[in-house]
Amino acid sequence: MVFFVCAVFLFHPELRDRVAWQSALLVLGQAEAIMFVFCFLFVLYSVGSFLRSRKREFGVLLLHGMTVKQLRKMVFTENMLVGLGALGAGILGGLLTAKLFLMAGANLLGIEELSFHISPWSVLLTLAAFLLLFLSISSFTTMLLGSTRLIDLFQSGAKREGQPRFSKGLSLLAATLLIASYTLAVTASASTVKLRVVPVTLMTMLGTYLFFSQAGLAVIHLLKRNLARYWHRTNLILISNLSYRLKENAWMFFLVAMISTITFCAVGVFASVNRLSAEFDRDHPAEIGYVAKPGSNVSAGHLRQIREELAARGLAFHEEETDLLLAEVASTTLAGAPDQLALLSFSDYTKLVAAARMTTREEPPDAEGALVLMSSQREKLLLQEREPASYTLGAGGIRLDEEGVTQHVPISDYLTPELGDFRGGNFSGLVVSDATWEKLAPNFGRAVYTAFYTDAGLEATVDIAKNLTENGKMKYETGLDYAMAVSGTLFEVQRTTYGALLFFALLVGTVFFMSAGSFLYFRLYSDLDYDRRQYAALTKLGVTRREMERIVTAQLGLMFFLPVGVALVHSIFAFIALQSYLFIPIAWEACLILFSFCFVQGMYFYFIRARYLRNLQKGYL
Amino acid sequence: MPILQVREISKIYEGKISTKALDHVSFRMEEGEFVGIMGPSGSGKTSLLNVIATIDEPTSGTVCIAGQNPHELDQERMALFRRRRLGFIFQHFNLLDTLTVEENIVLPLTLEGTPMQEMKRNAADLAERLGIAGVLDKFPHEISGGQMQRTAIARAMIHHPSLLLADEPTGNLDSKSSRDVMEAFAMVNEAKRAAILMVTHDAFAASFCHRVIFIKDGSMYNEIYRGDNRQAFFQKIIDMMSLLGGDTDHLSSARL
Chain A
20 MVFFVCAVFL FHPELRDRVA WQSALLVLGQ AEAIMFVFCF LFVLYSVGSF LRSRKREFGV
80 LLLHGMTVKQ LRKMVFTENM LVGLGALGAG ILGGLLTAKL FLMAGANLLG IEELSFHISP
140 WSVLLTLAAF LLLFLSISSF TTMLLGSTRL IDLFQSGAKR EGQPRFSKGL SLLAATLLIA
200 SYTLAVTASA STVKLRVVPV TLMTMLGTYL FFSQAGLAVI HLLKRNLARY WHRTNLILIS
260 NLSYRLKENA WMFFLVAMIS TITFCAVGVF ASVNRLSAEF DRDHPAEIGY VAKPGSNVSA
320 GHLRQIREEL AARGLAFHEE ETDLLLAEVA STTLAGAPDQ LALLSFSDYT KLVAAARMTT
380 REEPPDAEGA LVLMSSQREK LLLQEREPAS YTLGAGGIRL DEEGVTQHVP ISDYLTPELG
440 DFRGGNFSGL VVSDATWEKL APNFGRAVYT AFYTDAGLEA TVDIAKNLTE NGKMKYETGL
500 DYAMAVSGTL FEVQRTTYGA LLFFALLVGT VFFMSAGSFL YFRLYSDLDY DRRQYAALTK
560 LGVTRREMER IVTAQLGLMF FLPVGVALVH SIFAFIALQS YLFIPIAWEA CLILFSFCFV
620 QGMYFYFIRA RYLRNLQKGY L
Chain C
1266 MPILQVREIS KIYEGKISTK ALDHVSFRME EGEFVGIMGP SGSGKTSLLN VIATIDEPTS
1326 GTVCIAGQNP HELDQERMAL FRRRRLGFIF QHFNLLDTLT VEENIVLPLT LEGTPMQEMK
1386 RNAADLAERL GIAGVLDKFP HEISGGQMQR TAIARAMIHH PSLLLADEPT GNLDSKSSRD
1446 VMEAFAMVNE AKRAAILMVT HDAFAASFCH RVIFIKDGSM YNEIYRGDNR QAFFQKIIDM
1506 MSLLGGDTDH LSSARL
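As given, the protein sequences belong to chains A and C, one line each in that order.
Here the working numbering = 1-based position in the first sequence + 19.
Here the working numbering = 1-based position in the second sequence + 1265.
There's no promise every hint is true.
Derived SDA-like pairs (lysine to any residue); straight-line CA-CA distance at most 25 Å [as the list claims (entries may be wrong)]:
hint, chain 1, residue 1, chain 2, residue 2
1, C, LYS1403, A, ALA556
2, C, LYS1385, A, LEU257
3, A, LYS243, C, THR1375
4, C, LYS1457, C, ASP1482
5, A, LYS243, C, LYS1403
6, C, LYS1385, A, ARG252
7, A, LYS458, A, PRO383
In case anyone wonders, no lab produced these hints; they're calculated from the structure.
Here the structure is a predicted model, which means the values were calculated and not measured.
For reference, chain C alone in the conformation it holds in the complex (with noise of 0.2 Å):
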């Protein structure tokens, strides 16, 4: 059974110009995949995440997680249904700077009411795989970009969700601990068989993923596999995208 299923869907953006943001897209994603969305900006993509994480409704089409449409839920469980089976990383991280980087990990088990020792089990073991077991005391702004995003991947993980949802999580970071995240989201994605929606605009970070989806003017464009070899993925992705044209360098394909 599929992880994630997209099928047709269509999202409108009504107003004195309606907008059409996505354009009949439909995917698949199995258990255990590492997925990543590219395109140029205004292409689609955030309004595809928002979509399948439920921030957002569908104009048509249906998404389908583990089996379940979160869109026919009322208000209430959807909520309860993005804290159970989903796990969110942002660009901003999104952190609670009122918590230390422990209680920020376990937020999500707290508001289900886990027993304690199963919390502060699971927080260590995930702060230790993802090199982040030093800080644990310490409040987010005492730590580094890097540190911050790992700690928001242990907070998506820590109540193993079906699907993990990214956005642009390396937008905010410096080379070095982009390399970080990157090798943090790899490692869960093997060691948990973690399913992994990336939307991103990094080709570097994108070279991670099993498969990059790549989409334009809210149309599925086009889509690579990785195979054995990250660097002639990479190679491929950067291809790509100038072919896309207008990621990189803002330049459109045209003048390319």
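Bound conformation, chain A alone (with noise of 0.2 Å):
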């Protein structure tokens, strides 16, 4: 049954080297040694819990005569045949199943059909990997029985020993903790949240730990202080039991709910990326973007090579030509102290603007100021909260102070020098006044930029000028004559690539979330023994079978949704916090993933709901 489980876990590894030919080879390694940590974990505890629950099993053979080495062998061989059994059947659906990952995979990633290919190495390192995991499990497990004193094996499991305790204090900071966390996150802007991550991490894992292992036994303690409820029908069965239930179980919550955290922020954040493809138009306003660095004698030919593919292709296209100052900087407050900065007039930049069909109302700066030139829409916070910048200009010392930020991005971010950082925001030069522009003129160089716009969507410039871009882009900083950005290249790029992340992400978190489960599903099993001579009890005392369930559904309940819960607070804060970083609205992107998670465990819920009662009432009746 518990193999079962893994089965499932097994063959996703390997589902996952199947999809490894694919582009994103980095994220698959990585995704996949994850998994195999975790895998081993699971199984380890997995196995670990079931030894535990036949103890008495155990006990029996010893005092049969079978020697301790005896019992350690068969153990072994036990769990190497389930092992193998295991591997033999997470291979097979995965194999029988891989057309349909395949499909859904290529759907995902926006590309065509994927062929139905497998790898033998695949299925090679699948096996090798978990023929160790299992080799090493099993011979650790003889460990996990630990004392193989008959008494100790015959009277495990009989007794709870003493009240959960509790301190004041503990409780008390648990609260603080997550509290101060909450406030951090949601109070983070976009400057200071990269450095609160660290922190505000560590604050709310150990504030979930004493969350679990205190706070909740306090607020159960107050419960017991309300006799009037307390002592009213099942609460008082149902109380006392949580008590226990939280104890022994405070570890397990916790990891289940750091579990299922890192899950949902994984997820939501590559499902909010993906929209980041959305703003990709804002991004890149213009099609194709050229630009000729000063004494470019390439840039002709290149142009004309793009006129006549634009063409080619039937597309109607515009052009705008704007010139750009290459000024050398001589001292800056800037961090990183750059030596060249794009300049650009602003009535170029208003011109840029009114050719990609956007509007603004923006004021030119004063003679001494210039304003930000933003690189991209994302980068938009962190440059407004930075500390304006002033530079001094080579040749004539000129000076220029930041007034403010621009507020659409008129050329694609690889098309000029990259300054600031990661900070402070990427930005790609200044805006100054026309006079200003006009009056440094002649002391630099005039790099040209050529723009085409067409009407026609993102897709119809897909693969333009192949040749003189990689990935549909040139860098100003690869250091040839020119740069250049091809728009529907790019933009098919960036939804693969985040496509693929997506996906993986998705992956890697179903197999954490069912783990997850996984987890509290073993903790019921090895408490089951225990609950069902309680609940026998309880039967003959004459409870019925319909307080029976809502005593078991409530119990469970809890344990299925307390630590996931907790996790969707923590996430809907993590959520908070990132949104002051992106520019973009991820509340519908957060929503749905943590509702489809929520729906995904009460089904999980229900189903374990039914075996178990089905289980308890096994015993007796």
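Fit chain to chain and form the complex, with the hints in mind.
Have a look at this one:
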């Protein structure tokens, strides 16, 4: 039963192998490694918990004269057999469903259908990895078995010791930590969010653990004090059981909450990143941008090629041409101290904005002022929040002070020297007033920017001027005489990359999530014996079946939804923090993802509940 | 009206080899009576108790408790019937170890939604009489076996059931605790006029009863009444047991 779940697991990693010939090889490798480590821990845990539930059986075997060595050999062989079976079933299942996954993957990646290709290496790797895994785990298991004293084996799981204790101080600390980290997350701004990420995460983790191990018990203690409610019908049984369950399962709850949070966030982030594509138009206003560096003599040929290719595709287009000044920077307060800076005149800026069918009502900067030329909408928040820098330009020592940030991106960011850093945001250059631009013009070299605009969609320009670009772009920094960006190709590349990321995040996320659910199930299973006895006694006392189901449902519900609920709250705050960093609204994606995970968890809950009730009732009547 | 009327009960366990656990057993119990059931292992004592307790169904015959046949009820009502009309005491106590002694005692009342004050008062009253008032706040694992069984008696008694059913209540106790528990039974029987039906192996425990019914191989074998002298009653029980054989010393009567 458990190994069925494991089998699902097992076939996932090798499925990943099979798609591995796809582009995102690196992501894949990492996912594979994570999966492996995770599988290891997971199988170790599940084997351990099943051995524990069989202690009595081992006791009987030992009592009848089996030596410890024989017992170990037996357990080892058992594990290996089950492991091999699961491995075989996993690979077989993987082979059978591979086509389905390939199709789903292809759909998500937005690429043509993947051929049904299974490399023998993927099978081999899976075999080797999991054989190793089962071998090492099988040899560990005897250690997991722990004491082999007969009396311990026979009396295992018979008693619950002591009332769960908790410390008020630690409970308060838990609440404080959680509230503090939530506050920090909510108030984080684009520039502070990166600084806060690590401490907030640590605080949340500690807070979560304390919440389950201490604060939960404190809450139950408070509930118990209210005798009128506590001693009301099934509450008595329910609440007193809860405190034990919380105490025994705090560590597991914590694990599940953390795993779920990570899953939610990862999938959420990748789903949101996918949305970035939607903003693509605004970052790359021209379908094709071309910058000829000063003194370039290849530009005429290149531009002619572009025009011809556009014409050959029958695309109507119009061109805009502007000059960019490449100013030498003598000194600046900007971090990173660049030595070159692209300058655009304000009238050219408005001209380019208008050419891309966007509108602006921005005011031109002062004579000594400048607007930061935004490189991408996603940098906007960072740029707006950082300290305005000032520059002293070489040859004449003219000083420019940043006054603000442009509303639009007139030029793709690949086409000019890149400025700034990840903390203050990247930008493409400065926009200065026409007068200042004219004044500076004689001193510096000029690059010529040619933009081609069409009204056809992005798809229309895919792969234009393929020989001039690498994956749709030729960065300014490349060192050639020109820089170039083809939006259609760029968009295609971005879309498939993000699609791949999302696809793998979803796969890994699902596996994580399922395993989190399975942890809960194991936990239940190891308590089953005890519960069965308790419920048998309760039935004799005249607890009706419906009351029993109510108690079980409430208990299971808590076990299933408390950690996931905590994970949900964590993720919501994480998304809020993330929102302050991203300029696009991600609420919709976040809601969708959280909702679908909740839905899956709900289904899982009903499934497990039905099973568990049936198992319980097998014990009595 | 008898509190318990058992008429012609038979119980056959179906299987590859059908076994007849009970064969036309009939007896009745009056209100306030304290009845013991004894018999060798496998004689059908526990089957009889299970049938009376509505945990198991008879193959034929009827059980009537306080004028009602619980086997005619559906599952839900049967559970409610157990909860309201019957009290149970087990060999292994079956206390919930997540609950304190006091909470264990009031458990049947909480299920009914009884007012708080009444529960407190009843629990305190019973605990006082049973000599466990001092351990009300303790958990089951912190108290002795005798105290646990007296807690179980209090739990079985708190809702004033028509009939108290006890299955080997002294089976897990030492002699001192056994005496405490049996005296507790005698006390609740006298003070509360509670009818008690007890299955036991223990002649000493049985000597507290008014009447002991002996069964063998699923049929009524004999019954003896206490009269005034418990010591003499005890001796009679011992004699009857050795006649029945196989119980205390696990030797068959044929070999004696």
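Hints, one by one, checked against the model:
1. For the given pair, LYS1403 of chain C sits about 20 Å from ALA556 of chain A by alpha-carbon distance, which is consistent with the 25 Å threshold.
2. Taking the CA atoms of LYS1385 of chain C and LEU257 of chain A, the gap is about 20 Å. The hint holds against a cut of 25 Å.
3. Proximity of LYS243 of chain A to THR1375 of chain C is assessed by CA-CA distance (about 14 Å); at most 25 Å being required, the pair is judged to hold.
4. Taking the CA atoms of LYS1457 of chain C and ASP1482 of chain C, the gap is about 34 Å. The hint is violated against a cut of 25 Å.
5. A C-alpha spacing of about 15 Å is found between LYS243 of chain A and LYS1403 of chain C, which places the hinted pair at or below 25 Å, so the restraint holds.
6. Between the alpha carbons of LYS1385 of chain C and ARG252 of chain A the distance comes to roughly 15 Å, so the proposed pair stays at or under 25 Å and holds.
7. With a CA separation close to 16 Å, the supplied pair LYS458 of chain A and PRO383 of chain A stays within the 25 Å bound.
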